[in-house]
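Novice: Chain by chain, the residues run as shown.
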Amino acid sequence: MYFDSWSGFLAMGGHGFYVWSAYAFALAVLAYNLISPFMAKRRVIEKVRRQERLMHRKVVVDDFRVTTGSSDNSGNRSANPTLQKHRPERQEAGPESAKRSPQ
Amino acid sequence: MNWTFFHKLGSPKWFYDISGKWLPWLQVISLVLIVVALVWGLAFSPSDYLQGNSYRIIFIHVPASFLAQSVYLMMATAAAVTLIWKIKLADMALKVMAPIGVSFCILSLVTGAIWGQPTWGTWWVWDARLTSMLILLFLYIGIIALRGAIHTTEAAAKACAILSLVGVVNIPIIKFSVDWWNTLHQGATLKLTEKPSMAPEMLWPLLLAIVGFYLFFMMVMVLRLRIEIISRERKTRWVKELVS
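Just so you know, the protein sequences line up as chains D and F, in that order.
Just add 368 to wherever you are in the first sequence, counting from 1, and you've got the working numbering.
Just add 10 to wherever you are in the second sequence, counting from 1, and you've got the working numbering.
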């Protein structure tokens, strides 16, 4: 240990304000870099899940109205094992989610 | 020559899988190195005969400045790969590195200003090293703003790649600014060609801090890149399976 006492360590020979404010700012930058990916991760996963849910609903609605032309969903429709589970709620989910298209 | 590794490296799914194995190591090693280096530098290194204790800012100022410039060089490399081979992962890397580069560029400028006050008697001077570093910050911000202004992913990738490559001209200017012009800023502390002029008790924590900061950058870059992969590959089967 270079310093004799705790207060000497904090004072930094009169340069305490400069040294500690620089280190505090460094800590803030490191913390920002560490925390922001985790917040972004939650946002992105939520976005992907919402898109998935909308896709599923759209498939059900398309199926109900026997619309054609939604070629991007046709592959999903046959491969979708959860289709049966969605059927009962199509009445209330239908008109609203038909307007909202997935991103 | 066998190029399969190169195509594998460009595959987002392959990178996502392999980087998951690197992450815990990067996290532990980088944080341990940074803590050891900064505690050593703050509490155990002797004070400087000329600058007293204010020189201890070096242990964050130099690693942050190195990183700010290296991240830019890595972005320019990713930009070249994007333009030449059209590898999607390179553009994702270019995108996620920019905000990290900005944060370390700001850290470098702020710690430099704080160090300048007790050492030079001023927070800021418009000399070559400080001004070229400020231009680097503007370049970073310009690249981020450019991507935000273009909505098509492919067009944004190309524009950002070109801007990143053009901005590389600033890096040698920063590097040699202390030799080319009269400046308040001191010359390079560490040189590859010469023996360091620093005492080993100061040099060791500085080297540890530099390695720690670089590993920290790699770690947060990988974290951000994995999220960017999930976001851009969200239509693929493996991402859908991953999040559900």
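Be a bit skeptical, because a hint or two may be false.
[As the list claims (entries may be wrong)] Using C-beta positions, here's what the derived DEER-type ranges look like:
hint : chain 1 : residue 1 : chain 2 : residue 2 : range
1    : F       : Leu60     : D       : Phe406    : 37 to 45 Å
2    : D       : Phe377    : F       : Thr246    : 21 to 29 Å
3    : F       : Ile160    : D       : Gly376    : 48 to 56 Å
4    : F       : Pro34     : D       : Trp374    : 54 to 62 Å
5    : F       : Pro34     : D       : Gly376    : 35 to 43 Å
6    : D       : Trp388    : F       : His17     : 45 to 53 Å
7    : F       : Thr87     : D       : Gln419    : 29 to 37 Å
[As the list claims (entries may be wrong)] Below, simulated DSS-like cross-link-like pairs (lysine-lysine); rule was C-alpha separation at most 30 Å, straight line:
hint : chain 1 : residue 1 : chain 2 : residue 2
8    : F       : Lys96     : D       : Lys409
9    : D       : Lys409    : F       : Lys205
10   : F       : Lys201    : D       : Lys415
11   : D       : Lys415    : F       : Lys96
12   : F       : Lys185    : D       : Lys409
13   : D       : Lys415    : F       : Lys168
[Said to hold, decoys possible] Listed below are several chain D residues computed to face chain F (Cβ distance under 8 Å; list not exhaustive):
hint : residue
14   : Trp374
15   : Leu378
16   : Ser389
17   : Ala392
No wet-lab data here; the hints were simulated from the structure.
Glycine included, every Cβ here is placed at the ideal spot set by N, Cα and C.
Novice: Run every hint past the structure and note whether it holds.
Specialist: Taking the hints in turn, this is what the structure says about them:
| no. | hint | verdict |
| --- | --- | --- |
| 1 | Leu60/F / Phe406/D: 37 to 45 Å | holds, 43 Å |
| 2 | Phe377/D / Thr246/F: 21 to 29 Å | violated, 54 Å |
| 3 | Ile160/F / Gly376/D: 48 to 56 Å | holds, 55 Å |
| 4 | Pro34/F / Trp374/D: 54 to 62 Å | violated, 35 Å |
| 5 | Pro34/F / Gly376/D: 35 to 43 Å | holds, 38 Å |
| 6 | Trp388/D / His17/F: 45 to 53 Å | holds, 50 Å |
| 7 | Thr87/F / Gln419/D: 29 to 37 Å | holds, 33 Å |
| 8 | Lys96/F / Lys409/D | holds, 26 Å |
| 9 | Lys409/D / Lys205/F | violated, 45 Å |
| 10 | Lys201/F / Lys415/D | violated, 48 Å |
| 11 | Lys415/D / Lys96/F | holds, 26 Å |
| 12 | Lys185/F / Lys409/D | violated, 36 Å |
| 13 | Lys415/D / Lys168/F | holds, 26 Å |
| 14 | Trp374 | violated, 10 Å |
| 15 | Leu378 | violated, 11 Å |
| 16 | Ser389 | holds, 6 Å |
| 17 | Ala392 | violated, 10 Å |
Going through the hint list in order, the structure does not satisfy hints 2, 4, 9, 10, 12, 14, 15 and 17.
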